[in-house]
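**Student:** Spelled out, the chains give:
Protein chains: 2
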Amino acid sequence: MADTTKDAPSGISRRRLIGTAGATGIALGAVGAGAGYATASSNSPDQQAALTSLGADEVMFHGKHQPGITTPMQARGHLVAFDLAAGAGRKEAAALLRRWSATAERLMAGEPAGSDDTDVARDAGPSSLTVTFGFGHGFFSRTGLEKQRPAALDPLPDFFSDHLDKARSNGDLWVQIGADDSLVAFHALRALQKDARGAAKVRWQMNGFNRSPGATSHPMTARNLMGQVDGTNNPKPSESDFDRRIFVPGSGSPAWMANGSYAVVRRIRMLLDDWEKLATTAQEDVIGRKKSTGAPLSGGDETTDPDLEKTDANGDLVVPINAHARISRPDQNGGAAMLRRPFSFHDGFDADGVPDAGLLFVCWQADPLRGFVPVQRKLDRGDALSQFIRHEASGLFAVPGGTAKGGYVGQELLED
Amino acid sequence: MADTTKDAPSGISRRRLIGTAGATGIALGAVGAGAGYATASSNSPDQQAALTSLGADEVMFHGKHQPGITTPMQARGHLVAFDLAAGAGRKEAAALLRRWSATAERLMAGEPAGSDDTDVARDAGPSSLTVTFGFGHGFFSRTGLEKQRPAALDPLPDFFSDHLDKARSNGDLWVQIGADDSLVAFHALRALQKDARGAAKVRWQMNGFNRSPGATSHPMTARNLMGQVDGTNNPKPSESDFDRRIFVPGSGSPAWMANGSYAVVRRIRMLLDDWEKLATTAQEDVIGRKKSTGAPLSGGDETTDPDLEKTDANGDLVVPINAHARISRPDQNGGAAMLRRPFSFHDGFDADGVPDAGLLFVCWQADPLRGFVPVQRKLDRGDALSQFIRHEASGLFAVPGGTAKGGYVGQELLED
Chain A
1 MADTTKDAPS GISRRRLIGT AGATGIALGA VGAGAGYATA SSNSPDQQAA
51 LTSLGADEVM FHGKHQPGIT TPMQARGHLV AFDLAAGAGR KEAAALLRRW
101 SATAERLMAG EPAGSDDTDV ARDAGPSSLT VTFGFGHGFF SRTGLEKQRP
151 AALDPLPDFF SDHLDKARSN GDLWVQIGAD DSLVAFHALR ALQKDARGAA
201 KVRWQMNGFN RSPGATSHPM TARNLMGQVD GTNNPKPSES DFDRRIFVPG
251 SGSPAWMANG SYAVVRRIRM LLDDWEKLAT TAQEDVIGRK KSTGAPLSGG
301 DETTDPDLEK TDANGDLVVP INAHARISRP DQNGGAAMLR RPFSFHDGFD
351 ADGVPDAGLL FVCWQADPLR GFVPVQRKLD RGDALSQFIR HEASGLFAVP
401 GGTAKGGYVG QELLED
Chain B
1 MADTTKDAPS GISRRRLIGT AGATGIALGA VGAGAGYATA SSNSPDQQAA
51 LTSLGADEVM FHGKHQPGIT TPMQARGHLV AFDLAAGAGR KEAAALLRRW
101 SATAERLMAG EPAGSDDTDV ARDAGPSSLT VTFGFGHGFF SRTGLEKQRP
151 AALDPLPDFF SDHLDKARSN GDLWVQIGAD DSLVAFHALR ALQKDARGAA
201 KVRWQMNGFN RSPGATSHPM TARNLMGQVD GTNNPKPSES DFDRRIFVPG
251 SGSPAWMANG SYAVVRRIRM LLDDWEKLAT TAQEDVIGRK KSTGAPLSGG
301 DETTDPDLEK TDANGDLVVP INAHARISRP DQNGGAAMLR RPFSFHDGFD
351 ADGVPDAGLL FVCWQADPLR GFVPVQRKLD RGDALSQFIR HEASGLFAVP
401 GGTAKGGYVG QELLED
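Protein chains in written order, with the numbering used here: chain A, 1 to 416; chain B, 1 to 416.
None of these hints come from the bench; they were simulated from the model. Hints should not be assumed to be uniformly reliable.
As the list makes no split between identical chains, a pair holds if one copy fits it or if it spans any two.
As the list claims (entries may be wrong) - Pairs of lysine-lysine residues, derived as DSS-like cross-links and limited to a Cα-Cα distance of at most 25 angstroms, are as follows:
| no. | residue 1 | residue 2 |
| --- | --- | --- |
| 1 | 236 | 194 |
| 2 | 166 | 91 |
| 3 | 236 | 405 |
| 4 | 194 | 277 |
| 5 | 405 | 277 |
| 6 | 291 | 194 |
| 7 | 64 | 194 |
| 8 | 166 | 291 |
| 9 | 405 | 378 |
| 10 | 91 | 194 |
| 11 | 277 | 201 |
| 12 | 91 | 291 |
| 13 | 147 | 291 |
| 14 | 405 | 201 |
Everything numeric in this text was worked out from a predicted model, so none of it was measured.
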């Protein structure tokens, strides 16, 4: 695979691996068996059909930034945190990150993880698989690298509305996996878990999902399990201050975090039975936006800035004083901004038929103290939405920049 | 929506709802907002883009058989069982099935569930949503309909290898939901749960998945989480005895089950850590097929019949005596056949990092005593695969035939 670092400045460049091979009638045995897998001589004719776009879409592993940050949201996701095994230190961690990076590169190209591949992704293409690696606060003391620990990794403050399960929070290492095919994502999860054997063990693991490509006509933003358009106010890569807000500068500190980002992860349970009891207009007052379109209650369409001063005939604010859209707006938070890139989750029903469902909130920023923290402080106090959600787990991870061919994620930290 | 019963004999006919509206530049506001949802006048331009094929694919609710049996497997599935509420009887059950059928028809057409729709599926098309309803053994005594209970609903025999959790087994009513978009599937699950309020409550609920459309070049069969090609020997609708094996005849008994089928549901945990320790050749001996292609070890391709008598140079059987493919073959089981239409599942990892994953096995047959039961009896005794799997939950449900416009599923039973 060519090093496309220079061609893919934001890691969002994609190439169509195999394109329309089937449509043009080209017989590609290797395509039929899944790109990169050995061609089976006994393939039946139906196995020769080409991968269509979903399977063939490939995201580059190498680049200025790691994949899975500005790359499109995927239909399926796994979040998993590991703690270093007893006795494992810097050397073992470096070897693990080297193995993980090599596996991620292969899997994202649609190749087997290794000679002991489980074949679960066989026949499928990369399906936009991304793998993203991060380091948690505990990693640095366990590896003797305290001096390299960024101040930005200081534990998040407690919030009034937190109901955090420590067993499902934080961790020494964090991996985010996303793909448009569930088996491709599961295959990657298991391959990375196997790579960790002896060096690190799973601390917690969560599954999520988003819309499937092609299911919706609404490409910019997604809906969450409350039915709300979600992500409207996300910073856009086309905005001049996008990089400054989301990524640590190339000249940033510590040096090993150059072009990296900080991920805040929150398992946010939605109290759907309560939420769904509200009439749509009451839900819209909670959010401050029209449910159907995501447009602010003050008018316009989804992309229109809300008019926060607008009043109705009675003199009441059209966007209520405690509306989520008002309180979470960057211009209400000293310009704080983060790139939200979540997955929905649904882990079944409890004995009373209440769904264990909500949002695996993942947000990205150059500095959590100028991103997640000030916004959540405001939401924690006055957000009308807070009575319908519960933050159940939390993590904060330092996600280094991307690597060039031959390198591995975290190399500058671990070989300093 | 037109009654397409006569045009869709096996319920597998599909129509492309909106096709290539976007490609031809036709501005369809109603498409942009999701078929059937009111057109929002303030839609932003990106909302006007057409649904692509995945979202637009629609399965008919009405037909000779219920959908979700011979219709293609979907990327996402929910299985949910309900028990009738205290005090609910035949009348309440009839009203529930009428509500459920009406909701299923609307949702499968990409329309809102009702005026209190949650909007979770908004902007998306039907995404091949199917909803399938069945009745469990307990339903009939609770509704005074014991005389209508088919003998085929007699409890399944105990199997030696069963480790069944009763709380996650059986149930008065069963609903199978499948869709190619996770939010469309979740939306349907919640809408049907809401319909049940006061009449029935959730007994158990499970989530599953399959390959996404377009992720793989292998259209006939799927892979499971063991990496095996799964479903090779499924009966095909083109086979002359397909209907006889899978569906109760139109003249069958009891009359209300005409054109219906019986579903056996098993939550089959895969012991993946043990399985993945085996070399590929050892895994192939367990199954009796090549892992890469699904071809029998005796040669040929996936669709070739195994030569069960073939021996190698040492005189040993090439397909081992306890190979799963040998023991589960119809011609080894008095012609027993069932249509397997499963979902994979993955409900996270336990504290030791062991995945709670496997197969939500769903199979369809005209008579479980000539389908699942004889095959499972054989597998229970001698299948080499049995040490790598564990049956954790079980259900058996009578799934009536499909309905015509204006009717509802189970009407012939409930209004007899």
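**Student:** With identical chains, the pair residue 291 and residue 194 could be close in the same copy or across copies; at 25 angstroms between alpha carbons, which is it: within, between, both, or neither?
**Tutor:** Answer is between; shortest inter-copy Cα gap is 20 angstroms, intra-copy 43 angstroms.
**Student:** For residue 166 vs residue 91, is the C-alpha pair at or below 25 angstroms within one copy, between two copies, both, or neither?
**Tutor:** Classified as neither: same-chain Cα gap 27 angstroms, cross-chain 48 angstroms, threshold 25 angstroms.
**Student:** Tell me, please, which holds for residue 64 and residue 194 at an alpha-carbon limit of 25 angstroms: within, between, both or neither?
**Tutor:** neither (27 angstroms within a copy, 48 angstroms between copies)
**Student:** Is it within, between, both, or neither for residue 166 and residue 291, if the alpha carbons may be no more than 25 angstroms apart?
**Tutor:** neither (34 angstroms within a copy, 41 angstroms between copies)
**Student:** How do residue 147 and residue 291 come out at 25 angstroms by Cα distance, when the copy is not named: within, between, both, or neither?
**Tutor:** For residue 147 and residue 291, the Cα distance exceeds 25 angstroms both inside one copy (48 angstroms) and across copies (49 angstroms).
**Student:** Cα distance capped at 25 angstroms. Does residue 405 pair with residue 201 within a copy, between copies, both, or neither?
**Tutor:** neither (27 angstroms within a copy, 55 angstroms between copies)
**Student:** How would you classify residue 277 and residue 201 at a CA-CA limit of 25 angstroms: within, between, both, or neither?
**Tutor:** Only across copies: residue 277 and residue 201 sit 18 angstroms apart there, 42 angstroms inside one copy, limit 25 angstroms.
**Student:** When no copy is specified for residue 236 and residue 405, does a C-alpha distance of 25 angstroms or less occur within a copy, between copies, both, or neither?
**Tutor:** Result: close neither inside a copy nor across copies, 28 angstroms intra and 48 angstroms inter.
**Student:** At most 25 angstroms between CA atoms: does that hold for residue 236 and residue 194 within a copy, between copies, both, or neither?
**Tutor:** neither (36 angstroms within a copy, 38 angstroms between copies)
**Student:** Under a CA distance limit of 25 angstroms, which applies to residue 91 and residue 194: within one copy, between copies, both, or neither?
**Tutor:** within (18 angstroms within a copy, 55 angstroms between copies)
**Student:** Given identical chains, is residue 91 near residue 291, meaning Cα to Cα at most 25 angstroms, within a copy, between copies, both, or neither?
**Tutor:** neither (51 angstroms within a copy, 36 angstroms between copies)
**Student:** What label fits residue 405 with residue 277 when the C-alpha limit is 25 angstroms: within, between, both, or neither?
**Tutor:** neither (53 angstroms within a copy, 31 angstroms between copies)
Hint check: violations occur at hints 1, 2, 3, 5, 7, 8, 9, 12, 13, 14; the rest are consistent with the structure.
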